[in-house]
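J.: In the working numbering, the protein residues as written are 1 to 511.
Just so you know, not all the hints are guaranteed correct.
Said to hold, decoys possible - Each computed DSS-like pair below joins lysine-lysine, with the alpha-carbon atoms no more than 25 Å apart: (1) Lys-352 to Lys-332; (2) Lys-352 to Lys-362; (3) Lys-362 to Lys-332; (4) Lys-493 to Lys-301.
Since the hints were derived computationally from the structure, they do not count as laboratory data.
Keep in mind it's a predicted model, so treat the numbers as computed, not measured.
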Amino acid sequence: MSGSEDLWDIFESSVGAFGDVTALDAGNRTWSYGTLHDQAIAVRQRLCGSIGLPAVLVVWGQNGADAIVAYLVGTSMGSTIVPIDGQLPVERVMSMLSALGGGVILTDRENELRDRIDGRWSIGTLDGRIDRLGAKSRAGEEPDAAYILFTSGTTGEPKGVPILGESVRAYVDHVRPIVGMIPGDRHSQNFSLSFDLSVHDMFITWASGATLVLREDRSHLLIDVYIRDRQLTHWFSVPSALTFTTHREHEPLDTNLRWAGFCGEALTYDQVASVRAWFPNSEIVNLYGPTELTIACSAYKLPPRVADEVATSNGTVPIGRVFPHLEWRTAKAEHGDMDFQELLLRGVQRFKGYVQQESNVKAFRAGDDRTLLGHVRDEDWYRTGDVVEIAEGEMLIHHGRLDDQVKVAGHRIEIADVEENLRRIDVLGGVAVVVLRSPEARLEGMATLCAFYTAPDVDVRIARQSLQERLPAYMIPHDFRHVKSIPLNANGKIDRAALVAVCAEPGHSGN
Numbered sequence: 001m002s003g004s005e006d007l008w009d010i011f012e013s014s015v016g017a018f019g020d021v022t023a024l025d026a027g028n029r030t031w032s033y034g035t036l037h038d039q040a041i042a043v044r045q046r047l048c049g050s051i052g053l054p055a056v057l058v059v060w061g062q063n064g065a066d067a068i069v070a071y072l073v074g075t076s077m078g079s080t081i082v083p084i085d086g087q088l089p090v091e092r093v094m095s096m097l098s099a100l101g102g103g104v105i106l107t108d109r110e111n112e113l114r115d116r117i118d119g120r121w122s123i124g125t126l127d128g129r130i131d132r133l134g135a136k137s138r139a140g141e142e143p144d145a146a147y148i149l150f151t152s153g154t155t156g157e158p159k160g161v162p163i164l165g166e167s168v169r170a171y172v173d174h175v176r177p178i179v180g181m182i183p184g185d186r187h188s189q190n191f192s193l194s195f196d197l198s199v200h201d202m203f204i205t206w207a208s209g210a211t212l213v214l215r216e217d218r219s220h221l222l223i224d225v226y227i228r229d230r231q232l233t234h235w236f237s238v239p240s241a242l243t244f245t246t247h248r249e250h251e252p253l254d255t256n257l258r259w260a261g262f263c264g265e266a267l268t269y270d271q272v273a274s275v276r277a278w279f280p281n282s283e284i285v286n287l288y289g290p291t292e293l294t295i296a297c298s299a300y301k302l303p304p305r306v307a308d309e310v311a312t313s314n315g316t317v318p319i320g321r322v323f324p325h326l327e328w329r330t331a332k333a334e335h336g337d338m339d340f341q342e343l344l345l346r347g348v349q350r351f352k353g354y355v356q357q358e359s360n361v362k363a364f365r366a367g368d369d370r371t372l373l374g375h376v377r378d379e380d381w382y383r384t385g386d387v388v389e390i391a392e393g394e395m396l397i398h399h400g401r402l403d404d405q406v407k408v409a410g411h412r413i414e415i416a417d418v419e420e421n422l423r424r425i426d427v428l429g430g431v432a433v434v435v436l437r438s439p440e441a442r443l444e445g446m447a448t449l450c451a452f453y454t455a456p457d458v459d460v461r462i463a464r465q466s467l468q469e470r471l472p473a474y475m476i477p478h479d480f481r482h483v484k485s486i487p488l489n490a491n492g493k494i495d496r497a498a499l500v501a502v503c504a505e506p507g508h509s510g511n
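Go ahead and model the full structure; you've got the sequences and the hints to work with.
T.: Following this line, the structure appears as C-alpha cells:
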C-alpha cells in the first residue's frame, strides 16, 4: 500500500466487525464506526469531485471532531496527511507549505490563507467544501508517506518528518496488546493532531473497536475531571498533564481507568506514585520514542508492586526495552568535551529521512559507521540524541538529551537531575529548569540555571537550603522565578523557550 492507505485499512477493518459500536464521542455528538465511515466517504466524494485524489492533504485546524474526520478522509484517499496545529501562526504554516510543494488544505482558518497561497494549492473547509481551486494532482503522482509531521529545526525552519504506513502498522500491531483495549473501552484524546502521539490515540483505539473520547470543555483539561466525566478506561498523555488536577491527595479516585500510558517526556517515580494512588486498578506503562521512530519504540510496564520497580539513579522510570522488530545500539557521542552513550535505532519504524534532505547528515550514522553521504539507506542508524544507560536485561534508562547536558563551573550537569531534586521540595509545586547561556558563557562552555516554581508565597531561601542539602553548589540554580503555571507547547510538553524568555525579564531572583 502507499500513502495513508494502511491507516484507512486499520479503521475499515473495525467498521466491518464493530459497525454499531461508538468510534468517536465528542460529547454532544457520537459516531458509530459505520456512521463515521459513511461521513468520511461522503466528504471524500465531495473532494474528489472537485479536485481528484490529492497526493498531499493538509489538515490545519483546532483539535476536535471536524479535524479528526478530515484526517480520516485523507486516509480514505491514500493521501499523505500533513496535520498542522490550529494555533500556529500563519507565517509558520507558510514555511511548512513551502516545503511541501502543493496539494489540498482543509482548514477552519481559510480566510488567513486564501490570499497567500499560490496555484499549487486548493483550499477548503474541514468538511471538504473547496473554497479556492488550485491545480489538480498530476497523473501518476503517488503519495509515499502516510503522514508528515513538522518538528523544530536548528535553522529556525521546521523540519518535515515523513512516516510510512507500514511503520504505523508495525507500531499498532506491537502496541495494541500492550494497551489491551476491547470494544466498548474509552480512550482519551490529549494530543494535537500535529503530535504523533495522536496517531496512537486514533489507531490503537480504532484497531480495537473502542471509542475515542474528546474533551467537551476546558474543565476536561483537568485529568481527574476528564477521566471521571467522560468515563475513560484508558489514558495516554505526557507526564506534565499530571499537574493539571483538582485532586492533590494520594487517595483513590472513583473512576473506571484500567490503563495509564505516558510518553513524550521523562516519567518520574514521584509521578508514578500519584498515579498508583489515584488509579489503583490501572496498569501503568511508560513509552519512549522520537517522532522519527513512529510514535514510540520502547516500553516499560510498571510492576504491580512498588518493591519490584527497577531502581534508577535519577528518579525517572526506565524507558524499557526496544520493540523486538527494531534494532538498536549505543554509540559514544561527543558533546563539547563531554562523552556519552547515545541511543541509535533502525528498522521498520524508522523514517526514511527528512523532507529537507540537508538535515539528514547530522541525524543519521551510516550502517558502516562512515559519514552519511546522500540518500539514507535502510541499514543506516537514526541518532536519537538521547543518552541512555543499559541496565540488566537490556532495560534502558533515559539520562536526558545530549543538548540538555550543560557545564557549570567546569562540572557536567543533567537538567533532569536538578528538576528531580526540585520536585522533592513539596512547597514549590510544579517545577522546571532552563539553561541560560550568555555570549560570554557560550565561549567558555559555561552556563547558569534558572528554576521556575508554581506555588505561591515560597521562601526561596528555604528551597535553596533544601537543595544545598542534596546537591553540590554548582548544581543549584542561580535564579528562582515564580510563574502561575509551567507553560506547555502545542504538544503538551514544557515550553522551555517561553521560560527562557521569562528569565530575560526583571523578576524575583533567589540570589
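J.: So if I understand the rule, the pair passes when the alpha-carbon distance is 25 Å or less; does Lys-493 with Lys-301 pass?
T.: Holds, at about 22 Å.
J.: With a cut-off of 25 Å on the C-alpha distance, tell me whether Lys-352 and Lys-362 pass.
T.: OK: Lys-352 and Lys-362 at ~14 Å, within 25 Å.
J.: For Lys-362 and Lys-332, compute the direct alpha-carbon distance and say whether it is at most 25 Å.
T.: holds, 15 Å
J.: Taking only the CA atoms, is the gap from Lys-352 to Lys-332 under or equal to 25 Å?
T.: holds, 23 Å
The structure shown violates none of the earlier numbered hints.
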